[in-house]
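Asker: Sequence:
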Amino acid sequence: MPEGDTVFRAARRLDRALHGDEVTRFELRVPELATVDLRGSVVHEVVPRGKHILHRIGGMTLRSHLRMDGSWQLVRPGERWRAPAFRARVIIATDRIEAVGFDVSMLALVPTHNEESIVGHLGPDPLGEDWDLDEAARRVGADPRAAHVAVLDQRNVAGFGNEYAAELLFLRGILPTRPATEIDARALLALGARTIRANAERVERTFTGESRHGRTTWVYGRARRPCRRCGTPIETGELGAAPTEERVIFWCPRCQS
Numbered sequence: 001m002p003e004g005d006t007v008f009r010a011a012r013r014l015d016r017a018l019h020g021d022e023v024t025r026f027e028l029r030v031p032e033l034a035t036v037d038l039r040g041s042v043v044h045e046v047v048p049r050g051k052h053i054l055h056r057i058g059g060m061t062l063r064s065h066l067r068m069d070g071s072w073q074l075v076r077p078g079e080r081w082r083a084p085a086f087r088a089r090v091i092i093a094t095d096r097i098e099a100v101g102f103d104v105s106m107l108a109l110v111p112t113h114n115e116e117s118i119v120g121h122l123g124p125d126p127l128g129e130d131w132d133l134d135e136a137a138r139r140v141g142a143d144p145r146a147a148h149v150a151v152l153d154q155r156n157v158a159g160f161g162n163e164y165a166a167e168l169l170f171l172r173g174i175l176p177t178r179p180a181t182e183i184d185a186r187a188l189l190a191l192g193a194r195t196i197r198a199n200a201e202r203v204e205r206t207f208t209g210e211s212r213h214g215r216t217t218w219v220y221g222r223a224r225r226p227c228r229r230c231g232t233p234i235e236t237g238e239l240g241a242a243p244t245e246e247r248v249i250f251w252c253p254r255c256q257s
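Residue numbers (full-length UniProt numbering): 1 to 257.
Calculated from the structure, these hints are not laboratory results. Treat the hints with care, as some may be off.
Per label pair, the in silico range of CB-to-CB distance [as the list claims (entries may be wrong)]:
(1) His121 <-> Val36: 17 to 25 Å
(2) Gly120 <-> Gly59: 13 to 21 Å
(3) Leu74 <-> Glu182: 42 to 50 Å
Glycine residues also receive a C-beta, built at the ideal position from the N, C-alpha and C atoms.
Produce the entire structure from the sequences given, and follow the hints as far as they go.
Answerer: Here is the structure:
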């Protein structure tokens, strides 16, 4: 599932392409929204909120989520799409560009003044202008579940996914299964905010400072390989808030405790 920095870049690219233009074609290819037509409305902006993308068009806000396989593509009118048409869920076109959402999910359309009804449950966003470190730390630090689970819960803090959780916990020397009530949540999230902001401006995400393939992470995706710090084999397992929400986790048994 895309991390918040990926969503941030996607929203910025969409905003640059659509901002201020009038919609000439608008299609939502989901049954409950199929009759909605926003042609003639102006795209005011496209902004990220955690892992959600918000298109503010006219007086309405369209929310979408990339999930595992979703993507937004920009093509010139008349150009061939780079994915099969049956996968297109959203089409927003202007005279200059077509924005096509392939396999995007969690589609919702509400009046912009009621936007909080679809994203108000999310915690503070480290890539948002209203980032509140103290509030995010309060939420994570009050969560009795495993630290990895608490960081992934978008109601605590919005934007961090499995890769960020694994890497940040390693950098702070925290075992993923340790209760979040027992960690320095403020220090962890301050590091997370600095890291995701830096990565939002990079083409390739990195946690090690290196951009070479295979050198960008400390533990994520490195099961049974030697820890870059101490040489101990990286361990892996599964952890989640519920059996259906389990994620593969990675940690160094020596560096994290």
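Asker: Looking at the structure, which of the earlier hints fail to hold?
Answerer: Violated: none.
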